[in-house]
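*Asks:* Build out the structure end to end from the sequences listed, making use of the hints.
Taken in sequence, the protein lines are chains R and L. Just so it is clear: in the first sequence, position 66 is 66 by the numbering used here, and no numbers are missing. Just so it is clear: in the second sequence, position 63 is 63 by the numbering used here, and no numbers are missing.
Be a bit skeptical, because a hint or two may be false.
Simulated pairs of lysine to aspartate or glutamate, EDC-like, Cα-Cα distance not exceeding 20 Å [claimed, not checked]:
1. Lys16(R) <-> Asp99(L)
2. Lys65(R) <-> Glu19(L)
3. Lys95(L) <-> Glu17(R)
4. Lys76(R) <-> Glu6(L)
5. Lys66(R) <-> Asp10(L)
Note that these hints are calculated values from the structure, not bench results. Bear in mind the structure is a predicted one, so any value in this text is a computation, not a measurement.
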Amino acid sequence: MSVLVTNDGYEFNSLKEMLGVTDGNLASHIKALEREKYLSVSKSFVDRKPNTKYKITERGRNAFKKHLDALEAVVKQTR
Amino acid sequence: MKEIPEYEKDLASIRTMMERSAKFLSLSGLSGVLAGVYALVGATVAYFTVHYPISPLNYRIYSINDGTTIYKLLFIALVVLVASISTGLWLSSRKARKDGARLWSQTTYKLVVNLSIPLVTGGIFILIMLYTGHFGLAAPASLIFYGLALINASVNTYDEIRYLGYSEIFLGLISATFPGYGLIFWALGFGVLHIIYGGIMYNKYDK
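*Replies:* Following this line, the structure appears as structure tokens:
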């Protein structure tokens, strides 16, 4: 989500590289996010090769922000 | 529930991931310094080609008007450009390998696109200016368009590039008010400024 919130769209393979995870691992996480409607999927062909791109949704962006706010609130408590 | 320091680490890693995915962090400060050096060398060669033995600091009533001199200057500029880009690519790929990052990615693609739009526009504009005889605009225009290109590209890399862009624009505008001193401003903008900012970035990010 950190990656998607900062970029307009991110490809499956770029995500895999950035996060350093396996195909299956990434796919299952993406499925979960997709189920929550936190991201949208768009499949196309680039050079006749299948290309899947993910985009954060407004709902996903809000959820991410709430997550960040919650983390920051907890951390602030110790100061 | 996790411990507090765990949450801090979560936040830190989120921030890191956000930055790493959006910015090209393999840009080598050292390549900036070297690019500056190449530009200063090029400016010296240009000086001897064009102005010698008249000092480039003297007020000039003549201006560069003949075609062959322009071609020589363009050639020098091209050599400096090619040398700077190759050095930049080489040093950046070294830095990327050291950091375990990839040199070419979605991010670098966006960086190149954002950098190229003002740069190519500027290049074409300058060529048109030279072709139509407006030689005095070449140096200021190159500084200004370069600065704009840097600011456009800074979204995809270090913030220092943005400030370098501002400086180049500022210098370019001043240079436009002193037509005929293009070489000095060119040396300042592409030489001195690159050395300064390259040094700052090398100190901050590459050590």
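*Asks:* All hints are to be evaluated individually against the structure, with a verdict given for each.
*Replies:* Taking the hints in turn, this is what the structure says about them:
1. Lys16(R) <-> Asp99(L): Between lysine 16(R) and aspartate 99(L) the Cα gap is close to 18 Å, so the pair holds against 20 Å.
2. Lys65(R) <-> Glu19(L): Judged against 20 Å, a Cα distance of about 16 Å means the pair holds.
3. Lys95(L) <-> Glu17(R): 18 Å, holds
4. Lys76(R) <-> Glu6(L): Distance ~13 Å between lysine 76(R) and glutamate 6(L) Cα, so the pair holds.
5. Lys66(R) <-> Asp10(L): 14 Å, holds
Going through the hint list in order, the structure satisfies each hint without exception.
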